[in-house]
Every structure is written in structure tokens, then in C-alpha cells.
Amino acid sequence: MSVLKVENLSYTYNPDMPNRVKALDGINLEIEEGTFVGVIGHTGCGKSTLISHFNGLTKPQEGRILLDGKDIWTEWENIRQVRFNVGMVFQYPEYQLFEETCYKDIAFGPKNMGLSEEEIDSRVKMAAKFCGITDEMLAGSPFDLSGGQKRRIAIAGIIAMMPKVLVLDEPCAGLDPEGRELILSQVKNYQQTTGSTVILVSHSMEDIANYADKVLVMEQGRVYNYDLTENIFRDAENLSRMGLGIPDITKVFLKLKEMGVDIGTDVYTIPYAVKSLLKYKQAKEAEKNA
Amino acid sequence: MLKDITIGQHFPGNSPVHNLDPRLKIVLTVAFVFVLFLSTNFVGLALSALVTLLIYKVSGIPLKMLKKSIKPLLPLILFTVILNLFFIKGPGDPLLSLGFIKIYKEAIMFIIVMVCRILFLICGTSLLTYTTSPIMLTDGLESLMKPLNKIHFPVHEMAMMITIALRFIPTLIEETDKIMNAQKSRGAMLDSGSFADRIKALVPILIPLFISSLRRAEELATAMECRCYHGGEGRTRLKQLKITGTDITNTVVVVVMFAVILSTRMFFPRVI
Chain A
1 MSVLKVENLS YTYNPDMPNR VKALDGINLE IEEGTFVGVI GHTGCGKSTL ISHFNGLTKP
61 QEGRILLDGK DIWTEWENIR QVRFNVGMVF QYPEYQLFEE TCYKDIAFGP KNMGLSEEEI
121 DSRVKMAAKF CGITDEMLAG SPFDLSGGQK RRIAIAGIIA MMPKVLVLDE PCAGLDPEGR
181 ELILSQVKNY QQTTGSTVIL VSHSMEDIAN YADKVLVMEQ GRVYNYDLTE NIFRDAENLS
241 RMGLGIPDIT KVFLKLKEMG VDIGTDVYTI PYAVKSLLKY KQAKEAEKNA
Chain B
1 MLKDITIGQH FPGNSPVHNL DPRLKIVLTV AFVFVLFLST NFVGLALSAL VTLLIYKVSG
61 IPLKMLKKSI KPLLPLILFT VILNLFFIKG PGDPLLSLGF IKIYKEAIMF IIVMVCRILF
121 LICGTSLLTY TTSPIMLTDG LESLMKPLNK IHFPVHEMAM MITIALRFIP TLIEETDKIM
181 NAQKSRGAML DSGSFADRIK ALVPILIPLF ISSLRRAEEL ATAMECRCYH GGEGRTRLKQ
241 LKITGTDITN TVVVVVMFAV ILSTRMFFPR VI
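Protein chains in written order, with the numbering used here: chain A, 1 to 290; chain B, 1 to 272.
Simulated from the structure, these hints should not be mistaken for laboratory data.
Among the hints, erroneous ones may be present.
[Said to hold, decoys possible] Some chain A residues judged to face chain B by a derived CB distance under 8 Å, without partners named:
| no. | residue |
| --- | --- |
| 1 | Asn55 |
| 2 | Leu57 |
| 3 | Pro93 |
| 4 | Tyr95 |
| 5 | Leu97 |
| 6 | Phe98 |
| 7 | Phe108 |
| 8 | Lys257 |
| 9 | Val261 |
No residue lacks a Cβ here, since even glycine has one placed at the ideal position from N, Cα and C.
Please work from the sequences and hints to get the whole structure.
Written as C-alpha cells, this is what we have:
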């Protein structure tokens, strides 16, 4: 069953004003439980607006959002419960830290959920473990840490609420490759260990290709495509034409196709590239021998 | 909620109101305030309303904005009404008396005039910021205040401070919105609970806001220094303010309208 369902969602900024912008235009979407969904699209295509609907920060102007088959706005008093179930990590989440110690900051969410002290403690430790946060860091002030470390604290603050759906809006923006790798692998680890759903918004095709099971491509407030990752990259030429950066390895295979060696353009990770190249080589050799 | 703040908002456009030299626009706005407080009869007030509407029409600013800019000031207006209703006494008999509360005809008249003045004041002055970009506005202010340089008043620094403050209003609003969303996502309750609870709930918002403001200020200072900013001395401008023929014509039209409003003082009796 799908954990999150979007029905015919539309949203316009500044309606009835001269500077109105239609950000979302009739979105229909179903996200299955336990999947890692990547969301890509141009700046301003409505990605952030879409995900702010997922946990009820924005009220739909048209259409509905269903969490576990229930419209999240029918009982709007329970919107807080929805926010605990759909954890949201915003862009540059390190700017939301405010407590004296990292421990307290991570505990802010669970505390708001009204959990017992022991439960809060175990959740903070669990979240810290997932995000690679040491005990030393937990006891210190978040403002003494580096940017990447702060961000991991902020993500741990969301993970500590143990949301069914974890939404991350460009969690890697402005981080070095090592930092990106670390955060994304930790998120992937969290998803696989707990069986939760992850929605990752990113501009980096590379990241999406490496981690996502399914990809949602958005264009001008509409769903351009929503499919398994390999099917999405089969369409690499069109993505490239839309101005979306495709993984470098896919570019190599596109170029090969252009040069007359058609191995397929749905190659989007290095291991898969090695495999398909080897297969191609074997096929060629078999052809020669025959 | 924060989106309702209209102060300092600017709507780019290409109307005669937008294109008027900012210095003239500031002077005319100040003049308008005087005209409002000098119109002591209903005809004058009605004409002021007409002029305001006319200028709005010309500027192409949607009238809906009027409603938005008045809304946050309603408590203030209400306060004025209630205060004046009970405390102004007239020479005649009260219209209504309930024990120690006495309401006079003069009080009602005064309130009508006062409310009209406040409303038109808000509408007229918001038009200045709606149609003038913050940079133009401070350029105009700086140019107008230049004579104060003679008495060693730091005109340029003042203008720069105003520019920066105005420039950062939308940024700060956006930032507050973002932080509020982030804390709401972590279950912060911002609009329910007792007064003490609500004050406490502000901490997770104010601390990040202060930290980012300080960071921003520092970054801005560094960026300005990197571009060799060293105050106003010897600084030239990309856009020189220049009063054109159209500016003069438009100003004359507005001044004539103001004069007509003021002249009503001679023909109609004052109500207050």
C-alpha cells in the first residue's frame, strides 16, 4: 500500500496578485512504503512546494494529501501528529539549531512528542549513532561544530522522531564529496534498517542515481516522469535536453551511442557500467569467434 | 501570517507614479500628510479620498493591497475611536448618556474625521513604498537631506543604514518563515498554549534568527569592504537622479489637486 498519496494537487503563490506564480499544477503521485524516492527538477519547478505539503506546512489550495490513506487535513488538530510521522529536513537545516548542547537539540522533537525521559534518551542515542555523532559532540554546543557536523546534528534531530517518511530537501548542498557521501549513506542505512520511506530532493543526479529506488522528475509544476531509477535513466537524452545534469557515467554511454557503440543509456552507476561493458565485450568476442 | 506584512513592499511597474523622481515623491507624500491634517471639513476629506484613489488607479497597484495594509492597523484605529468617543466633550447636551458615560456630537464628528485621516494617511504613504524601490527611496532621502551635511550630520551613513534595513526586511521575514517551518516540523507549538508557553515557544525561533542575522551582517560588511566601500565621500552613482519635464508636469498636477483640497477650508465650515 502507498504510504503517501497526492491527489490532483495544485498550488499558486500570491493568487489574485499581479506577481502570482503557479507552483504546482495537478500533481498525482503515489509513494510506496519503504522506497527511497529521489526528486529532481529545475530550480523553481515546485519541488520544495510539493514537499512542504507532505507534512502539512502548506495547506493544499486544490487536491488532497493522503498519509496511510487518510487525508491529513480532515482532522487538522492532528496536523502535529502528521508532522511527527513525516519528518522534514529543510535546506541548510543547520540554521535551525538553537539549544546549548547537541543532545538537547536532537531531543527537541522527541520531547515535543511527549515521550518519557528514557525513551527520549534512547532515541537521541539511536539517532546519533545513525548520523555518526560521537558522545563528545553530543555534550558540546552545536555552534562549535563545522557546517557538515551541524547538518548531521540537524538531521539526527529529525531521525530521533522516527518518522515513517523522511523528507530531505537538498541535504548535501554546500558539502564536500566526503560529507555528501557520509550523509547519504547514513540516510540509506536508516531507511534500510527501519524500513521507512525516504524522499530525497537533490540537484545532483549522481546522488539520486546512487541511492534512489525510484525517481520523480518534475517540470514546471507537473510530474514529468515517476518511475524506477533505471527506467528514468533510459530516457537520459530527454533529461539532458531538459537541462537536468545526468550522471557523468551516463554521459559517457550517451557519447558511446552517438559514436555507434550502443550499449544502452540506462547506465547510471559505476558497478553497473562495468557489468554492462564486460557483457558487451563478451558478446563481441563471442561474435568474433563464431 | 508573516506574509501579511506590507511595510516596505515594492511592486515594480512603469506608471507615472512609479517613474516620478523619488525626491519629488517624498516631498509630495509629506505634503499629502499636511494636507490631510489641514482638511477640517468633509468635502476636503472626500476630495483627499478621491485623489488617493486616483493616484492608486494611475499607479496600477491593486486596491486589494489597501485592505492588506490597513488590516494590521485596525486595533490602533479602534483604540482611537474608543478613546475619543468617551473623552471629547462638547458645549451642547450629550447625544447619549449612560450613567457616567456621555457621548457628544462633537466626539462623533471628531472620530469620523480622525479615522478618515488615519486611513488615507496609511494608504497615501504606503503608496510611496509600493511604487518606489528601496534604493530609489534612500537615494532620494540622501539627496534631500544633503544640506544637513553642513552641520556634520552623517547623511550618507544614515541613508546606507536605511537602505540595508529596508533591504533586509523581506529577507528576515523569509528567514523567520523558514525557521518557523523547521521548528513546526519538529512539533513546536507556536500558536496555542498559555501566554508563558507561547513566549517559551519563541526561543527556538529567535535564537537561530539572531545567529543568522549576526552572520549575515558580518558577511555583508566583509563583502562591502571587498568592494572598497569606505563611506560616501567621492562615491559616484550609476543612476543619477534627474528631474525631467514629465516629473514637473505631474508634480504640478498633484500640487494643484492639493491646493483644491486646501481651498475647501475657505468655503466650507470646519467640523472640528
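To see whether the hints hold, each was checked on the structure:
1. Using the Cβ-Cβ criterion of 8 Å, the hint placing Asn55(A) at the interface with chain B is satisfied: the shortest such distance is roughly 6 Å.
2. Annotation: Leu57(A) was flagged as interfacial toward chain B, and the flag holds, the nearest CB pair being 5 Å apart, inside 8 Å.
3. The beta carbon of Pro93(A) comes within 7 Å of a beta carbon in chain B, closer than 8 Å, and the hint placing it at the interface holds.
4. Look at Tyr95(A): its Cβ gets to within about 6 Å of chain B, closer than 8 Å, so that hint holds up.
5. A cut of 8 Å between beta carbons decides the hint on Leu97(A): the least distance to chain B is about 7 Å, and the hint holds.
6. Proximity of Phe98(A) to chain B holds as hinted, the smallest CB-CB distance being about 4 Å (cut-off 8 Å).
7. Given the 8 Å rule on beta carbons, the hint for Phe108(A) holds: about 6 Å separates it from the nearest Cβ of chain B.
8. Proximity of Lys257(A) to chain B is violated relative to the hint, the smallest CB-CB distance being about 43 Å (cut-off 8 Å).
9. With its C-beta approaching chain B no nearer than about 48 Å, Val261(A) sits outside the 8 Å limit, and its interface hint is violated.
Hints 8 and 9 from the list above are not met by this structure, while the remaining hints are.
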